[in-house]
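Residues per chain are reported as follows:
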Amino acid sequence: MKPYELTIEEASKELSQKKLSSLELTQAVIQRIKETQPKLNSFVLVTEEEALKSARAVDEKRAQGQALSVLAGIPIGLKDIFLTKGIRTTCCSKILSNFIPPYDSTVVRKLKENDFVLVGKLNQDEFAMGSSNENSFYGPVKNPWDLERTPGGSSGGSAVAIAADQCLGSFGTDTGGSIRQPASLSGVVGIKPTYGRVSRYGIIAFASSLDQVGPFGKTVTDAALLLKAVAGHDPCDSTSANLAVPDYTKFLKKDVKGLKVGVPKEYFVEGIEQSVEKATREAIEHMKKLGAKIVDISLPHTEYAVPTYYLVATAEASSNLARYDGVKYGYRAKAQTLQDMYRKTRGEGFGREVKRRIMLGTFVLSSGYYDAYYKKASQVRTLIRKDFESAFQKCDLIVTPTSPTTAFKLGEKVDDPLQMYLSDIFTISTNLAALPGLVLPCGFDQKGLPIGLQILGPHFKEEAIFHLAYAYEQSTQWHTRKPPL
Amino acid sequence: MKDTTYEPVIGLEVHAQLKTQSKIFCGCSTKFDAKENEFTCPVCTGMPGCLPVLNKKAVEFSVKMALATHCQVNERSIFARKNYFYPDLPKGYQISQYDQPLAQKGHVEIQVDGQTKKIRLHRIHMEEDAGKNIHGTISSYVNLNRAGIPLIEIVSEPDVRSSQEAGAYLRELRSMLRYLEVCDGNMEEGSFRCDVNVSVKPIEQKEFGTRCEVKNINSFRFVEKAIEYEIQRQIEVLEGGAKVIQETRLWDSDQNKTFSMRSKEEAHDYRYFPEPDLLPLRVAPAWVEEIKRTLPELAKQKKERFMKMYQLSSYDASLLVQEKSLAQYFESVIEICKEPKLASNWILSELLREFGPEQGATSPVTPQHLGELLALIVKGTISGKIAKQIFEKMVQTGQAPQAIVQKEGLIQVSDVAQIEAWVEEVLKEQKAFVDKYHAGQTKLFGFFVGEVMKKSHGKANPAKVNETLKKKLVKGA
Amino acid sequence: MHITKQLVEHLAKLSLVELSPEEISKYTQELDALMGYFEKLNKLDTSHIDPTFHVELPTHVFREDEVKSSFPREELLPMFPAEEDGAIKVPKIIEAS
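Protein chains in written order, with this note's numbering: chain Y, 1 to 485; chain H, 1001 to 1477; chain E, 2001 to 2097.
Chain Y on its own, in the form it takes in the complex:
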């Protein structure tokens, strides 16, 4: 087995037993990135020099006998939305193409405390707006299972980097499915924790009331290890929860007897590909065999999730993106007057999808339309939240498909925003209700494309999700398949 093929759990063991050094591991990973990057375009920056330096430093610490974190010396990639001090961070937008952050995001600070090795910044949709990674200033990411297809988005690079063994763990953000949908389409594990579980400080904002950070891993265990390292209260983020973070690995058990798993009928409707429905239903059957009790539930406002989400998210985004004006940092267009400088900077600096959402969000908040759209959507958001509250009276966890389809072709939906937005139907309610959700592989379609299963839990019950996910994963083989690269 090549070092880059290891899971974090395995690599960490080898590192601590000194069978492998972090430098060897990091060099192998960087070599792998170099070989595969031209096909996949998953990285926008490879931080080779810094990575080798950190790897050496960790090896030295280990040689001195220091007690180290399980993530120490592990090569990890970050979506280009996480601010990294001194390392270019662009959010894959032209408007930030020259931006070198003056500070680290809290997630990065915590990872540094764990002695991680940053191998590079990962491709994404511009400002995390997209479901196919086609909206990146640096070009689309390719799906390693079929290079003509999308890996999903917006955290496409983060998902692909795991699927293609370009790093052992990665982080992304999820505003409406941006971790879970690419995890599903790329065949890896990804979790969006409860809103407030991980600090948003230093993460470029898309929609502040929906954005949440989460990890990608090759296994459920790896995802749990990665989440544990970054979760917890941050005094720099007023919306981060002041709650203790459990040791998730303690909950990774194979026995799920008596666990009540809810299946919402609204998630098996027309538009869902047969292969996806079949794989999901088989996974549910499998859980039943493992001892879980399957309960029929209803989330009646599911059909309103797409409009609700796009009204709320674009409104917040239109305001969050106002700071990119060419005044203080980033791209500034040449212009004689201030008004022209603003208009040209923003007109040239933002891509098509971002501008579309700024227009939509500006409209939703504008005088005379606020009540009809922004407020209305926020009221429906309450209904969607309440759907889940009642559902969790009847079950411990909810299992659903992640995306109605497997990976679609690049270019297939790019000219039809409504079709693109509708592909988020199974993931966005989770963000509106601030719930945690994990996706893991549960099958493949006839074309050999991966299918992901989504497990949702109540607020701050990530450990329960990890429990069921682990039990399912350990009794199936889906996660062991590798794309033919």
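Be aware that one or more of the hints could be misleading.
[What the hints assert, rightly or not] Computed spacing ranges between beta-carbons, pair by pair:
1. P1296/H to R2073/E: 37 to 45 Å
2. Q2029/E to G271/Y: 21 to 29 Å
3. Q2029/E to K253/Y: 22 to 30 Å
4. E1297/H to E2066/E: 28 to 36 Å
5. Q1246/H to Q2029/E: 33 to 41 Å
To be clear, the hints were calculated from the coordinates, so they are not data collected in a lab. Computed from a prediction, not measured in an experiment: that's the story for all the values here. The beta carbon of each residue, even a glycine, is placed where N, CA and C say it ideally should be.
Starting from the known structure of chain Y, arrange chains H and E on it as the hints suggest.
Structure of chains H and E alone, referenced to chain Y:
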């Protein structure tokens, strides 16, 4: 043609910078003197990924002002984003409060022409200040030191009816803010700013007229002038048969007039919405009670107490309480000299003449020293006249009065033998005038007093001099 | 609600984004289609429903009023696209009148 009498209707919006050490959402200093952009950080320059965290002291200061103005403090208030573009606004939105402010429905009492009037407050809300733009010939320059300094906006109901009332209202607010020590109230430096909404209507008409907002006014005098100008301008517009246009106008203090800033109000659509980065602000009743207990005595209460406790006139008391520090100075002085009237007279005449109300309390003449000086007068150790000489020395040197008295040998002489000796010498030298006195020119008495005082270099006890002179002049007759 | 070209032009003005005529007509079409679909929210009566604007957590975060160090100048100034004597330089601000 009948003459119409017009009545102005005025509402005021005051922005007061809170005197916290650090900014409202980050740890940058709020110091006024600094290099360009010296006190900035990722949060107050609007870097990507930055998040605001609310300064607790800023909330406490805002609640203090809300309580002092009898507002109802809302248990739950919401921060909102006010979206607009301007180079001094780093995030492209200002974090403010909109439909659910911190406090509502208060009032302030003002005195105009001996009449007390209640001006109702619509609301008090918290927000962050913007930075500053400096305009050059071809470029403008942005300094973000001020960006993120906490502000409260105090919005009145349209209860003010004259420039005089507006002035009184603003002075009252400023006094409260300074007494509470939450804002230093400096209009020139911009820590206390005011926008005025003015409209006029025929006096018998119920509905208000179209209003104009006047901005950029940086002194109380200019507020009054701007209001007067605006009232006159709007009356002329109406008398000319035209309509007042709702607009924002700027005050030009060089030309003493307001002028239109922009008329396209529709271009302003602030797209307010709840700030998702900040949870609703919760101010529990217990916290409000705790803050209430720390509220100091305000000027109005202090004035009433001074009148009652120290038998001061309303006028004197109001002068003493115009600054909290001055009022405290006064009470420290009387603790030592025990003579409120004397202390009040000295402070209002001597101290204020030298230093003015704001600097009086921090002048080289400490309340301890002034109290001691006045005690010397009370005891008869020095005369009032000598006291004034000593006071001048105290102003120059900051020395204690005792030390000056000792050094200059200024102790009052009350020794009868010594005074008699001086009196006799004077009467001998001024024989001619003594005769005139005895011939009936009794007005000359004062002259003899003056001569004796001169001889004593001012040290003779004037009462004793009077007494002795009277005796000697009778005797001699 | 139909999205017109004039509305998109107005939105571009409000958000200070320069759009080409092609972009304006494309966005007009796309937003019109989206808003048409989004109308389905009107099927729901929400008159008695409180809106969810925040994810309200059990704890509230305040900062104490403590001064922290600001940006080191050598890190701040190079970030500005144009700078003079520590100030950010922009084209002259002219009040619209």
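Verification of the supplied hints:
1. P1296/H to R2073/E: 37 to 45 Å: holds (40 Å)
2. Q2029/E to G271/Y: 21 to 29 Å: holds (23 Å)
3. Q2029/E to K253/Y: 22 to 30 Å: The hinted range 22 to 30 Å is violated for Q2029/E and K253/Y, with Cβ atoms some 53 Å apart.
4. E1297/H to E2066/E: 28 to 36 Å: At 29 Å between Cβs, range holds.
5. Q1246/H to Q2029/E: 33 to 41 Å: Since Q1246/H and Q2029/E have Cβ atoms about 36 Å apart, the given range 33 to 41 Å holds.
The structure fails to meet hint 3 from the earlier list, while all remaining hints are met.
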